[in-house]
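K.L.:
Using the sequences plus the hints, can you model the full thing?
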Amino acid sequence: MKNLFSFNFFHRANLLPDYSFLGTDIHSHILPGIDDGAQTLTESFQLLNGLSELGFERFYATPHVIADRYPNTPETIQSALKKITDVISNRGDTFHVEAAAEYLIDESFEHLLDGKGIMTLPGKRVLIEMPFVAPSPNMEEYIFKLQVNGLHPVMAHPERYNYWQNETEEWKRVVKLGCELQVNLLSLFGYYGKGARNRAFDLINKGWVSFLATDIHNVQQLSVLKAGLKDRSVAKLLSEHEFFNNRL
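Here this note's numbering is used: the first residue of the sequence shown is 232, the next is one more, and so on.
Note that these hints are calculated values from the structure, not bench results. Ideal Cβ placement from N, Cα and C applies to all residues, glycine included. There could be a bad hint or two in this list.
Computed cross-link-like contacts, BS3-like style, restricted to lysine-lysine with a CA-CA straight-line distance of at most 27 Å [claimed, not checked]:
#1 K425 <-> K376
#2 K457 <-> K467
#3 K355 <-> K376
#4 K314 <-> K355
#5 K457 <-> K403
#6 K437 <-> K425
#7 K407 <-> K457
The calculated label-pair distances, taken between Cβ atoms and stated as ranges, are [stated by the list, open to error]:
#8 G264 <-> G348: 16 to 24 Å
#9 N369 <-> K467: 33 to 41 Å
#10 V450 <-> E338: 46 to 54 Å
#11 E288 <-> Y394: 29 to 37 Å
P.N.:
Right, dumping it as structure tokens:
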């Protein structure tokens, strides 16, 4: 798929000028103190200000929902979001922050499948992830049940699941089931290793990736995203494909 923004985004020097061609970051851990992302309001705004300088204008905070580690609920998420939006209102910042969540697909996810209490991205999209040690055994069933309830699953960072590192057919099946894929920008720049970078390139080249996102957790990752703007191979890759962040 050709990138609609390639005429001004693919710079004459074959570099990314910024991330304004995406504009919207659909996966981030910027809410203070409720998961392994920003721990304080100060850190939240370090991330928001840094990403804004890199071209992002709209943010969806997606804190982890993991029953035995980060048992977040709509109430805890909205409470943390309000701390940010209150400051934005007082300061008059131009960027916009909303909240959804990133749900681990495990046995504890079952009680959420009726759609009640699920925090969604626009279009009733639900950001989901699998464990990093092994695939979720009932993942296809969960995808189907989400759809039955009028929700649309988006799989977070498929390139990072090493157990499917050579399983192209697995991701092809997931896409055919109606699950959109979201690749991390950090993966494209080698932050999670060469394997994740190669898989990210492959999934994008196959046309299976609907969204790019930062999945940002800490200030150190801002420097990786900034340095990545000089990666010519990534610039070329992204100029040749279309992503739907700004359509949300």
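K.L.:
Hint by hint, say whether it matches the structure.
P.N.:
Hints, verified against the model:
This hinted pair does not check out: K425 and K376 have alpha carbons roughly 34 Å apart, beyond 27 Å. Under the criterion of a C-alpha separation no larger than 27 Å, the hint pairing K457 with K467 is consistent with the structure, at around 17 Å. Taken as a hint, the K355 and K376 pair is honoured in the structure, with Cα atoms around 14 Å apart against an allowance of 27 Å. With a C-alpha separation of about 24 Å, the suggested pair K314 and K355 falls inside the 27 Å cut-off, and the hint holds.
With a C-alpha separation of about 31 Å, the suggested pairing of K457 with K403 is violated against the 27 Å cut-off. At roughly 18 Å between alpha-carbon atoms, K437 and K425 fall within 27 Å of each other, so this suggested pair holds. The suggested pairing of K407 with K457 is violated, with an alpha-carbon distance near 34 Å, which exceeds 27 Å. For G264 and G348, the hinted distance range of 16 to 24 Å is satisfied, since their beta carbons lie about 21 Å from each other.
About 39 Å separates the C-beta atoms of N369 and K467, a value consistent with the hinted range of 33 to 41 Å. For V450 and E338, the Cβ-Cβ distance of about 34 Å falls outside the hinted range of 46 to 54 Å, so the restraint is violated. Taking the beta carbon of each, E288 and Y394 are about 36 Å apart, inside 29 to 37 Å as hinted.
The structure fails hints 1, 5, 7 and 10 (numbered hints given earlier, in ascending order).
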